[in-house]
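Q: Two chains, each in its own frame: build the complex with the hints.
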Amino acid sequence: MRILIVDDDLSTRNTLAGILRKCGHDVEMVSSGEEAWTVISQPDAPRLILLDWLMPGLNGLDLCKRIRSMDGDNPFYIIMLTVKDNKEDIVEGLDTGTDDYITKPFYPEELRARINAGYRIIKMQNRLLSQANDLRNSLDHIKTLQGILPICSFCKKIRDDKNYWQQLDEYISTHTEAMVSHSICPECLGIHYPEIHQRMIRKSTEEEENLN
Amino acid sequence: MLFGGCDKSIFDPDDLMERMMGDTVLARSIAEIFLSDIPARINMLKDRLNENDSRGAELQAHSINGAAANMAANKLQEVASRIEKASKAGNLRVAVTLITELEDQLSALEKEIKRLIL
Numbered sequence: 001m002r003i004l005i006v007d008d009d010l011s012t013r014n015t016l017a018g019i020l021r022k023c024g025h026d027v028e029m030v031s032s033g034e035e036a037w038t039v040i041s042q043p044d045a046p047r048l049i050l051l052d053w054l055m056p057g058l059n060g061l062d063l064c065k066r067i068r069s070m071d072g073d074n075p076f077y078i079i080m081l082t083v084k085d086n087k088e089d090i091v092e093g094l095d096t097g098t099d100d101y102i103t104k105p106f107y108p109e110e111l112r113a114r115i116n117a118g119y120r121i122i123k124m125q126n127r128l129l130s131q132a133n134d135l136r137n138s139l140d141h142i143k144t145l146q147g148i149l150p151i152c153s154f155c156k157k158i159r160d161d162k163n164y165w166q167q168l169d170e171y172i173s174t175h176t177e178a179m180v181s182h183s184i185c186p187e188c189l190g191i192h193y194p195e196i197h198q199r200m201i202r203k204s205t206e207e208e209e210n211l212n
Numbered sequence: 001m002l003f004g005g006c007d008k009s010i011f012d013p014d015d016l017m018e019r020m021m022g023d024t025v026l027a028r029s030i031a032e033i034f035l036s037d038i039p040a041r042i043n044m045l046k047d048r049l050n051e052n053d054s055r056g057a058e059l060q061a062h063s064i065n066g067a068a069a070n071m072a073a074n075k076l077q078e079v080a081s082r083i084e085k086a087s088k089a090g091n092l093r094v095a096v097t098l099i100t101e102l103e104d105q106l107s108a109l110e111k112e113i114k115r116l117i118l
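Chains D and P, in that order, give the protein sequences. Numbering of the first sequence is given in the working numbering, commencing with residue 1 and proceeding in unit increments. Numbering of the second sequence is given in the working numbering, commencing with residue 1 and proceeding in unit increments.
Since the hints were made in silico from the structure, they are not lab data. The structure displayed is predicted, hence computed values, not measured ones. C-beta atoms are modelled at their ideal positions from N, C-alpha and C, and glycine is treated no differently. Be aware that a few hints might be false.
Stated by the list, open to error - Just so you have them, the derived chain P footprint on chain D, three or more residues with Cβ under 8 Å:
id, stretch
1, 4 to 10
2, 17 to 24
3, 32 to 42
4, 92 to 106
If we strip away everything but chain P, and leave its shape as in the complex, we get (with noise of 0.2 Å):
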């Protein structure tokens, strides 16, 4: 399948594609279930910075990171992982700083998603 004008920074539905054998109903739950659990890991991760909990975050932001590297959406991976850093090095008021940056690429890709795929 291949998808036309879309910016695959955000979202590369031909590599989702890919590694979904190819099956469009499989993307579409793995997209849904993403969809439906990704704000929850990102309040978790909120908590933990709100707690001063580096561990806490850094491994919250990890599970983001790789939720967003299954999804094929490398803008939002990228600040998670950023994140992830930030928080493994101690630097939790970088790590909240790029929080606005993570949900503005959640809500990019929620759309970027819906529109191509769901």
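So that you can see chain D by itself, here it is in the shape it has in the complex (with noise of 0.2 Å):
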């Protein structure tokens, strides 16, 4: 998965990178918050942010708060980077927005555990919007055929929202998921098609009368 770090020591951020690219990921690095600022407010930008705390300049937990300020339906994941013996940063941190936290000197395991967990969690996100989104299609749908339809009581056209009369089965294809299929009813058959209709009900009576 795509991964943004951000710490303004380079052989940290190196160590970082080199570590993730082993294990797969596709890696970009920046040294400031305001770099990180503008490569996350791109609508591309990769969802999983391993953030360092203290950097000169904007520092890892303002841009937290800039990041939580301005998420919408697919929050960014972030995992604060800490030296080890700040445990208040912690609390902080998390208490501020962030998501997880690894300290430093970190292992690749525990690294790469970390990593996992909050790659299930972008993509349970991920799972949860698409479905969000195919609810509300789906709801747009219900809506329409929900309201008042006014139908006409002699040739049963509708009015749609534009003030056009459309047919029926017109009507029906366009604004539902169903689809149309013609037939004759025999009622309409006998006055539309009346030969076609009395051969068919003398085939079903000598059908009848063969049975019998």
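A: Spelled out as structure tokens, the structure:
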């Protein structure tokens, strides 16, 4: 998966990138909160961010607050990087909206496991988002059919929202998922094709007699 | 890989190798990046101390602290951590007196890194 690394220390940044690439991830690196914000503001930004806490300029905590203020349906997964002995930082970081943390120096197994945990959340989020979109689309259709349909008492055409009178079959095809298959009922067959109707009646009478 | 005859408090190559997933190429490249970058970091720290910028000094010392932790350089990390804490507390005089120790630790570390992995 695509991961954004934000750390002002060059060797830490490259260590993270080296290990994550070995684990098969696609990595982007930036050295400041400001650069990170530029990347994150793009619509196709990586959804998982490894964020250093203390950096000159825009620090990890403030960047995290900024990201959370613009999070939409598909929030970023943020893992904070802190130096080992700062327990208070970890609590403050989690309270501010980071999803997880990794202490420096980090070990590849822990890094891999925490990244995977993040990946699971992101995947679940994407699945829920697509299900919610499907539901929203279905609801649009249901709404159309639940409204009051003005229908002509004689020709049975339906008036749509643009004041246009549509044939019933045309209306159903454009406003629902249902498909229309055309046929003729026996009564209409009698009116419009009396000969075929008579022939069919005769045929069925003969069949009944043969059976008896 | 086992490294004998080294002072692990200065540099712990086994710990570094474990964290680089046993990849010597990656470990060497990280060590080279570290050694080329850290003198500039120390200079920036000195600049912040000369400017009496305690917050700036704290951030630079923090960055060295993190880099040293990543390099399995325990003594360098410990001195950087002391400078970070002194700067945070506003004791810049204490922080300044620790700079020599920081530079001494870096040169000891550099020797060990070059001897053992580069």
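Q: The structure should be examined with respect to each hint, and the outcome stated for every one.
A: Now the hints, each set against the structure:
1. Remark: the stretch 4 to 10 of chain D is confirmed as covered by chain P, as 4 of its residues place a Cβ nearer than 8 Å to a Cβ of that chain, reaching the required three.
2. Given as covered by chain P, the stretch 17 to 24 of chain D passes the check, having 3 residues with a CB less than 8 Å from a CB of that chain where 3 are the minimum.
3. Counting residues of the stretch 32 to 42 of chain D whose CB lies closer than 8 Å to any CB of chain P gives 0, so the stated coverage by that chain is violated, three being the minimum.
4. For a cut-off of 8 Å, the count of residues in the stretch 92 to 106 of chain D with a CB near a CB of chain P stands at 3, and the three-residue condition holds.
Violation of the numbered hints given earlier is confined to hint 3; every other hint is satisfied by the structure.
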